[in-house]
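Peer 1: Each chain, letter by letter, is given below.
There are 2 protein chains.
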Amino acid sequence: MADYRRKRWRGEMAVRVDVNGALDALIGPGGLQAQDLESLQPRVAQAHDRLGARRSAKELRFRDLPYEKREVQKILELARELRSEVDTLVVLGIGGSALGARALYQALCPPFHDHQPGTAERGVRLLIADTVDPSTFGALLDEVDPHRTAFNVISKSGETAETMSQFLIVRERLLRTLGAVDYSRHLVITTDADAGALRQIVNDEGLRSLAVPPGVAGRYSVLTAVALLPAAVAGIDVTELLAGAAAMDERCAAPSLFENPAYLHGAVHYLAHVARQKTVQVLMPYCDGLRGLADWFVQLWAESLGKAVDVDGQPLHGGQTPVAALGASDQHTRLQLFAEGPNDKILTFVRVDDHGARLDVPRGYGDLESVAYLGGRTLGDLLNLEQRATEASLAALGRMSTTLHVPRLNAFTLGQLFYLLEVQTVFVATLHRLDPFNQPGIEPGKRLIYGLAGRRGYEEKRAEVEAWMQKKNPRYVI
Amino acid sequence: MADYRRKRWRGEMAVRVDVNGALDALIGPGGLQAQDLESLQPRVAQAHDRLGARRSAKELRFRDLPYEKREVQKILELARELRSEVDTLVVLGIGGSALGARALYQALCPPFHDHQPGTAERGVRLLIADTVDPSTFGALLDEVDPHRTAFNVISKSGETAETMSQFLIVRERLLRTLGAVDYSRHLVITTDADAGALRQIVNDEGLRSLAVPPGVAGRYSVLTAVALLPAAVAGIDVTELLAGAAAMDERCAAPSLFENPAYLHGAVHYLAHVARQKTVQVLMPYCDGLRGLADWFVQLWAESLGKAVDVDGQPLHGGQTPVAALGASDQHTRLQLFAEGPNDKILTFVRVDDHGARLDVPRGYGDLESVAYLGGRTLGDLLNLEQRATEASLAALGRMSTTLHVPRLNAFTLGQLFYLLEVQTVFVATLHRLDPFNQPGIEPGKRLIYGLAGRRGYEEKRAEVEAWMQKKNPRYVI
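So the protein lines, in turn, are chains A and B. If you read the first sequence in my numbering, its first letter stands for residue 333, the second for the next number, and so on. If you read the second sequence in my numbering, its first letter stands for residue 333, the second for the next number, and so on.
Same shape as in the complex, but just chain A (with noise of 0.2 Å):
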């Protein structure tokens, strides 16, 4: 890393983690004390070797992403070429391989970006079509220029039903109005680099295609061509977003507890868990650019964490239910349960100090004492006081929160975000001696929809829910 990026991180531009409003000293008796940390010191150093190792034995692939060089070259060759090319690029993608390049585009393009084709001057419009509803995915392909929008297909194992199933009508429509030799420029396949249906599609249709690497599973992919891709068609600097990555990696390097931000978030929250019952984490920036943010950061926790055994196969049936909220409008409609109802969360806020955009709130009303308060100050300013006032009620009530303090929202600091979380996830899975990459859970799930969609070899799983359904009684449906 050059000298500049190092002198940015450690200063202006540096996300800080804030766990003050976790402790005792804060909240009162409910809260973590001082010792609880201090105790938790040699788990940290034990889980540290242990993360080091398996980086070192590249078993952690998706930390050294900020590093490829090789690969973000041709991601941005790729994306300069459909930038000459069309004014839409649609993600047909779902999980994993979506909420990462709309968190991105929320961030980092202006709000309203996407009600209008791209532009030279504004850049490409994204459409994240994450969705089979026929209603939405219908209305999304009449809403664009087929002659200038190319679909971006993103399928790590490339065969993901929902995509899969988006791609049949995609390129039926592409060969229909464009013909079968045009329709190949309007596809762009991100999946394995060799196994699977759409590998096996790319080879034999000679589309253009980039590679999902191995090892790294849809929640940690952000950093790699599944969100980069559509970012930096939608012209988001991803170099940048990849130095915020490795400014955050170098701080991640740290053994301890009290100078590694990933680790101490991480077992704030850790401890919230397993030593304060606190089975939910809320996730509420101040600032709508994050909301997708919050929604990436759910998945990644809730299925990194939520499992069934440990590494040894022993019971566990942990994980904290992550939940997204957005500041200041849910305080207008969550606020109330969090201050009142169980006490069994923890907030974390994200605040974003400087807003860039700057709306003064104009004088008026001097009569009204309940209107004319508000006069002379920013909307930004007005959300920041909303959330220190928020977080400071709430600490009062002995509820427990933590605060990530970001200087402005660009792809720098949204790169050590990610990156912090990313960490941070993997680190609290070591402590819970759980694996963060795999996703059992879902697998009997899938084998039910293979049943009931009539795939070969799967007759038993449709025989299996439909001697199911037979059990329910009529009773109970009114």
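Do not take every clue at face value.
Pairs count within a copy or across copies, as identical chains cannot be separated in the list.
[Claimed, not checked] Straight-line Cα separation of at most 25 Å, SDA-like style, residue types lysine to any residue; simulated pairs:
1. LYS778 to SER702
2. LYS804 to PRO587
3. LYS804 to ARG608
4. LYS406 to ASP396
5. LYS804 to ARG740
6. LYS804 to ARG720
7. LYS804 to GLY343
8. LYS803 to ARG608
Worth flagging that the hints you see were computed from the coordinates, not collected in a lab.
Following the hints, position chain B against chain A.
Peer 2: What follows is chain B alone, placed relative to chain A:
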């Protein structure tokens, strides 16, 4: 009610509640037993009598909203005026002042409807600004043509900080762009009929306005002017919506658990919570148009049931945590947690039988086993079989669910859903013996906001927050 309605709700347009997925016959010993429901009958009868008495005493105003013909007439007339004047209606409101309109707009207007100004054919577009984020709000103001835009300012109290800040900004822009004579035609105020700053402004400046009926909290206001005006302006058939609510009201008159859908569904959720420790409820529609309904429900459930004390002031700290999810996408983000994480959740699926739009998946790639099976069915079928598979796979793991069956998504069925969920919520509150209509927990935070924002009389509150901030230890900010 006309016979025709009566026939419809008993017939093909009735929303149905299926609670089989919560019972031991389908999910094994962790499920509720038939006996659990039977035993609740006496308390259900009590609650029914109590609710009947409160309704007669006009204490359940929300239940009579389907029948306020004169008020609806006023709303429809104002909507007609606005439709002839503007192409965009911006809703300035937050929380309950925004979620109802958004739920209606997402469910009943076509996807992407808000991407362009309305036309005579497509109807007026809605932009719902439940935000004080300066980036979003600034971009929104740039997006609209003030000459062709009306702003509907919605705040029951008439002094909501976010909404009044928006109002001050918008009013100044309108005055500047349109002049002191014309600006007022671009403002429509929805607030208390008599009290509050906004009502005073309406009276002083002669603005067009509608009233939020007394005794209807924001989260129960979807069938008042709060959401009905924006909906009607966007071209939604609010008469049909209210007819759906009225049809559900008829069904909710039944005293028996096994005939009253709100009681049956509510009882199952109540028992799941108090007798089976399901502290989280996930509402998961398999229909993109119902995403807004899920967000609306989250407020309804959280703010109504998350209370510190019961009606006698006895400590309670109850309140399930409601979570919104969306099928099929969230099978790829959170199903792992729902399947293998702690068994502390009950899922409520919403299943739409007929998705209206039809989109066929073409056959292709006959040689690729993992793709070929998808061809020949519709996307709507795929979505519905995924719901079925998810329900069955969770049941096999002993995880509880219920299903709301919606024959087709339209104003009549959506009206049923709103009303069903509202009655269910108040019924469950009655079983818990708590007040579903207050929200005392958010008041302390509001006072801190006033303090930090410099409102006269709240100076101590500012000092309180500042003193609290001083306690933060820099060691825990990294």
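Peer 1: Indicate, hint by hint, whether the structure satisfies it.
Peer 2: Each hint, compared with the structure:
no.: 1; hint: LYS778 to SER702; in the structure: between (55 Å within a copy, 12 Å between copies)
no.: 2; hint: LYS804 to PRO587; in the structure: between (55 Å within a copy, 24 Å between copies)
no.: 3; hint: LYS804 to ARG608; in the structure: between (40 Å within a copy, 21 Å between copies)
no.: 4; hint: LYS406 to ASP396; in the structure: within (17 Å within a copy, 63 Å between copies)
no.: 5; hint: LYS804 to ARG740; in the structure: between (54 Å within a copy, 22 Å between copies)
no.: 6; hint: LYS804 to ARG720; in the structure: between (50 Å within a copy, 13 Å between copies)
no.: 7; hint: LYS804 to GLY343; in the structure: between (62 Å within a copy, 20 Å between copies)
no.: 8; hint: LYS803 to ARG608; in the structure: between (41 Å within a copy, 22 Å between copies)
In terms of the numbered hints stated before, the structure departs from none.
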